[in-house]
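Chemist: What follows is each chain in one-letter form.
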Amino acid sequence: MQKGVIQLETLSCPSCMQKIENAVKGLNGVNQDSLKVLFNASKVKVDFDSETITINDIEKAIEDLGYPVVKSKVKSA
Amino acid sequence: MQRYILSKKNSITLISAILIALAFFGRFSLDNMAIFNWSLIIASILGVAPIAIQAYQALKVKVVSIDVLVTIAVIGAVLIQNYEESAIVTFLFLFGSYLEQRTLNKTRSAIKELTELAPESALKQMENGEFEEVDVDDVDEGDILLVKTGVKVPVDGTVLIGEGHINEASITGESLPVSKKVDSEVFAGSILENGTIQIRADRVGEDTTFGRIIELVEEAQDSKSEAERFIDRFSKYYTPAVLVLGFIVWFFSKDIELAITILVLGCPGALVIGVPVSNVAGIGNGARNGVLLKGSEVINDFSRVDTIVFDKTGTLTVGNPEVAEKEFYGKNTEEVLGYLASVERESDHPLAKAVLQDIGETTFSTVEETEVVKGGGIVAKIGVHRIAVGNVALMEKENVKLSEKAKKDVERFEKNGNSLVLTAVDGELNVLMGIRDQIRPGVKKDLQKLKKLGVKNLVVLSGDNQGTVDLVARELGLTEAHGHMLPEGKSAYIEKMQAEGGIIAFVGDGVNDSPSLALADIGIAMGSGTDVAIETSDVVLMNSDFSRLPHALGLTKSTSRNMKQNITIAVGVVLVLLASLLFSEWMNMSIGMLVHEASILVVILNGMRLLRYRLRE
Numbered sequence: 001m002q003k004g005v006i007q008l009e010t011l012s013c014p015s016c017m018q019k020i021e022n023a024v025k026g027l028n029g030v031n032q033d034s035l036k037v038l039f040n041a042s043k044v045k046v047d048f049d050s051e052t053i054t055i056n057d058i059e060k061a062i063e064d065l066g067y068p069v070v071k072s073k074v075k076s077a
Numbered sequence: 001m002q003r004y005i006l007s008k009k010n011s012i013t014l015i016s017a018i019l020i021a022l023a024f025f026g027r028f029s030l031d032n033m034a035i036f037n038w039s040l041i042i043a044s045i046l047g048v049a050p051i052a053i054q055a056y057q058a059l060k061v062k063v064v065s066i067d068v069l070v071t072i073a074v075i076g077a078v079l080i081q082n083y084e085e086s087a088i089v090t091f092l093f094l095f096g097s098y099l100e101q102r103t104l105n106k107t108r109s110a111i112k113e114l115t116e117l118a119p120e121s122a123l124k125q126m127e128n129g130e131f132e133e134v135d136v137d138d139v140d141e142g143d144i145l146l147v148k149t150g151v152k153v154p155v156d157g158t159v160l161i162g163e164g165h166i167n168e169a170s171i172t173g174e175s176l177p178v179s180k181k182v183d184s185e186v187f188a189g190s191i192l193e194n195g196t197i198q199i200r201a202d203r204v205g206e207d208t209t210f211g212r213i214i215e216l217v218e219e220a221q222d223s224k225s226e227a228e229r230f231i232d233r234f235s236k237y238y239t240p241a242v243l244v245l246g247f248i249v250w251f252f253s254k255d256i257e258l259a260i261t262i263l264v265l266g267c268p269g270a271l272v273i274g275v276p277v278s279n280v281a282g283i284g285n286g287a288r289n290g291v292l293l294k295g296s297e298v299i300n301d302f303s304r305v306d307t308i309v310f311d312k313t314g315t316l317t318v319g320n321p322e323v324a325e326k327e328f329y330g331k332n333t334e335e336v337l338g339y340l341a342s343v344e345r346e347s348d349h350p351l352a353k354a355v356l357q358d359i360g361e362t363t364f365s366t367v368e369e370t371e372v373v374k375g376g377g378i379v380a381k382i383g384v385h386r387i388a389v390g391n392v393a394l395m396e397k398e399n400v401k402l403s404e405k406a407k408k409d410v411e412r413f414e415k416n417g418n419s420l421v422l423t424a425v426d427g428e429l430n431v432l433m434g435i436r437d438q439i440r441p442g443v444k445k446d447l448q449k450l451k452k453l454g455v456k457n458l459v460v461l462s463g464d465n466q467g468t469v470d471l472v473a474r475e476l477g478l479t480e481a482h483g484h485m486l487p488e489g490k491s492a493y494i495e496k497m498q499a500e501g502g503i504i505a506f507v508g509d510g511v512n513d514s515p516s517l518a519l520a521d522i523g524i525a526m527g528s529g530t531d532v533a534i535e536t537s538d539v540v541l542m543n544s545d546f547s548r549l550p551h552a553l554g555l556t557k558s559t560s561r562n563m564k565q566n567i568t569i570a571v572g573v574v575l576v577l578l579a580s581l582l583f584s585e586w587m588n589m590s591i592g593m594l595v596h597e598a599s600i601l602v603v604i605l606n607g608m609r610l611l612r613y614r615l616r617e
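Taken in sequence, the protein lines are chains Y and D.
Just so we're aligned, residue 1 is where the first sequence starts under the UniProt record's numbering, counting upward by one.
Just so we're aligned, residue 1 is where the second sequence starts under the UniProt record's numbering, counting upward by one.
Keep in mind that the hints were calculated from the coordinates and are not lab data.
Errors might be hidden in some of the hints.
Listed next, the in silico DSBU-like pairs over lysine-lysine satisfying Cα-Cα at most 30 Å (straight line) [to be verified]: (1) Y:60 / D:106; (2) D:445 / Y:45; (3) D:8 / D:236; (4) Y:73 / Y:60; (5) D:407 / Y:73; (6) D:381 / D:397; (7) D:62 / Y:71; (8) Y:36 / D:106; (9) Y:73 / D:326; (10) D:564 / Y:36; (11) Y:73 / D:112; (12) D:401 / D:326; (13) D:381 / Y:73; (14) D:9 / Y:3; (15) D:112 / D:8; (16) D:326 / Y:3; (17) D:331 / D:397; (18) D:564 / Y:43; (19) D:456 / Y:25; (20) D:445 / D:456; (21) D:152 / Y:73; (22) D:445 / Y:71; (23) Y:45 / D:381; (24) Y:75 / Y:36; (25) Y:45 / D:224.
Reference listing, derived: stretches of chain Y covered by chain D, where coverage requires no fewer than 3 residues with Cβ under 8 Å from a Cβ of chain D [stated by the list, open to error]: (26) 22-29; (27) 53-67.
Bear in mind that the values here come from a model prediction, so they are computed numbers and not experimental data.
The beta-carbon is built from N, C-alpha and C at its ideal position, and this holds for glycine as well.
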């Protein structure tokens with residue numbers, strides 16, 4: 001398991017959170033319970049299995065929704 | 001393509017504003033209906049594009065968002081050829097979200113200021129011994145870093161070479177520079193004001209004290225209270241329900257106009273954003289003023305506190321005992337003070353430190369046959385003299401006779417809340433010292449402010465004797481004082497108060513009262529910023545500054561009130577809109593959207609007031 005922290009451009013509508021939550025939860029290899037979308041901090045924190053999915057895949061899922069990723073960090077959890 | 005359109009949202013908003021203006025100009029000045037209709041149609045299509053894209057993306061992940069409602073409403077309006085409504089609604093929606101973004105950034109500014117203090121680069125020693133600038137993420141524990149004057153310390157570390165003065169305001173709130181030399185600890189985010197140092201990285205990134213503070217505040221601004229989670233759950237079903245309602249109305253009445261108006265009026269708007277906005281502004285104000293509040297649940301609980309329990313030592317008092325009163329008996333005072341200092345020099349008892357500090361410069365003699373008497377003091381030999389230093393019990397044991405005057409002095413010193421140190425040379429009492437901990441300056445005023453803010457009980461719990469505690473309580477105007485308390489006793493007392501229905505805050509320095517900090521409804525740590533207490537408590541007063549406590553309480557009360565106002569505004573607006581749709585003639589989509597967007601701005605602006613909150617004198 002690895003821990004990813006993804007910094008997004010400023011989120012301004014709370015319904016964005018729900019969209020991002022659903023999109024990331026739907027990905028394979030993501031620990032659903034660990035997912036946290038921080039509205040005010042505009043960050044996504046999630047644990048994922050690096051053998052099934054990469055941080056780039058998660059970033060892409062979020063960017064496809066129209067929320068540009070500023071930067072991301074991965075640590076071993 | 002999709003991303004391109006979304007990135008041009010602001011230009012689209014501007015263009016549709018111009019088109020709408022053109023349309024009305026065409027109709028009323030040129031009397032040209034073609035210009036009017038076509039301008040509005042273009043404005044509608046252009047404007048709905050980014051909204052429709054967002055709606056599509058939301059539906060793809062099975063979310064019925066506001067975008068979905070607005071998109072359907074706009075398409076419906078175009079179908080019934082009500083171009084005026086479709087253009088104005090899209091414009092208002094886009095313009096509203098632009099303003100929302102701008103104002104939201106303001107409410108978050110206080111916390112952003114804090115996170116921007118995080119160091120970004122470091123000068124790291126490479127294998128060839130040279131220092132090179134690297135990203136702070138590339139620094140590992142054990143790396144050697146160079147810090148120059150005027151630069152932020154990039155990590156928590158230890159000074160290896162050099163010395164200088166460091167401003168640690170970002171960690172402790174204390175803006176007086178602290179002197180650092182070899183082996184001193186330095187903290188990430190502090191600024192080297194003069195000198196040049198080389199440090200070894202001990203903790204990096206999020207493990208540094210500064211990193212932990214930032215993470216705490218970030219989590220706090222997004223932590224949710226029970227009420228908020230309810231609103232979230234509610235809005236998850238609310239928006240689809242509005243959609244269904246719209247369809248039902250259309251199905252039975254065949255009135256598209258009415259159906260799409262319901263879609264717009266039913267937007268949840270201010271409801272979902274109201275509480276997070278108050279939360280982030282309140283926590284931001286705290287962070288700026290040396291108060292860390294850990295989330296909106298903490299804010300709600302703290303605002304309802306009716307009893308505040310204080311630890312004495314280090315909280316109400318400075319935590320640094322000093323000699324307050326002394327009496328001398330017999331002759332050779334100077335000589336005896338020298339003996340006393342020589343004996344106390346060997347002890348690490350806190351009272352001994354106070355005695356030594358009071359005596360200052362003196363002639364020290366060699367001490368022999370030192371014997372520590374448990375719960376009494378010290379007996380030792382200096383030359384031919386037998387020296388006894390300790391409390392009254394030790395004097396009795398040593399058969400030292402106290403004169404009538406000495407007995408009276410002892411009584412008086414005790415009544416004044418002193419711990420006693422008596423010194424006898426060869427069985428004769430020579431010196432009586434009364435030592436007590438000084439009350440923190442300004443505490444009395446701060447406590448009065450707390451009372452004014454509606455706290456009913458101010459209680460002190462302490463391990464000291466009852467006399468000392470009573471004295472502090474009387475001087476500070478506390479409502480209750482309990483001495484002889486062990487840590488277990490303190491937590492038992494808090495449990496008892498809670499059972500009686502009180503909402504209790506406990507203020508301590510976290511050294512030996514962590515059970516009480518954890519048990520109380522609100523645990524408030526007087527943190528120097530580097531303590532573990534930061535982790536275990538609900539509220540941290542940075543730099544152990546007691547005077548932040550009234551501000552913290554006042555702020556949570558204001559923030560909690562602000563949240564309630566915002567919920568009231570949001571719910572009120574939806575109710576008024578729906579009611580006016582049923583009972584009035586003038587309600588339509590555009591007015592509904594205008595009121596919605598206005599209400600969102602009102603709750604954001606209302607939340608923003610918290611950034612400027614200050615306790616009234």
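Chemist: Indicate, hint by hint, whether the structure satisfies it.
Modeler: These are the hints, each one checked on the structure:
1. Y:60 / D:106: Holds: residue 60 of chain Y and residue 106 of chain D sit about 29 Å apart, inside 30 Å.
2. D:445 / Y:45: With Cα atoms ~44 Å apart, residue 445 of chain D and residue 45 of chain Y exceed 30 Å; violated.
3. D:8 / D:236: holds (29 Å)
4. Y:73 / Y:60: holds (15 Å)
5. D:407 / Y:73: violated (71 Å)
6. D:381 / D:397: Holds - the C-alpha atoms of residue 397 of chain D and residue 381 of chain D are around 17 Å apart, at most 30 Å.
7. D:62 / Y:71: holds (27 Å)
8. Y:36 / D:106: holds (23 Å)
9. Y:73 / D:326: Roughly 62 Å between the alpha carbons, so the hint for residue 73 of chain Y and residue 326 of chain D is violated.
10. D:564 / Y:36: Distance of about 25 Å is within 30 Å: holds.
11. Y:73 / D:112: holds (19 Å)
12. D:401 / D:326: Holds - the C-alpha atoms of residue 326 of chain D and residue 401 of chain D are around 18 Å apart, at most 30 Å.
13. D:381 / Y:73: Measuring from Cα to Cα gives roughly 66 Å; hence the hint is violated.
14. D:9 / Y:3: Judged against 30 Å, a Cα distance of about 33 Å means the pair is violated.
15. D:112 / D:8: At roughly 25 Å apart (the allowed maximum being 30 Å), residue 8 of chain D and residue 112 of chain D satisfy the hint.
16. D:326 / Y:3: Violated, at about 62 Å.
17. D:331 / D:397: holds (23 Å)
18. D:564 / Y:43: holds (26 Å)
19. D:456 / Y:25: Roughly 48 Å separates the two Cα atoms, so the pair is violated.
20. D:445 / D:456: Holds, at roughly 16 Å.
21. D:152 / Y:73: holds (22 Å)
22. D:445 / Y:71: violated (48 Å)
23. Y:45 / D:381: Violated: residue 45 of chain Y and residue 381 of chain D sit about 67 Å apart, past 30 Å.
24. Y:75 / Y:36: Holds, at about 16 Å.
25. Y:45 / D:224: holds (16 Å)
26. 22-29: Coverage by chain D holds here, the residue count being 3 at a Cβ distance below 8 Å.
27. 53-67: It holds, with 4 qualifying residues against the three required.
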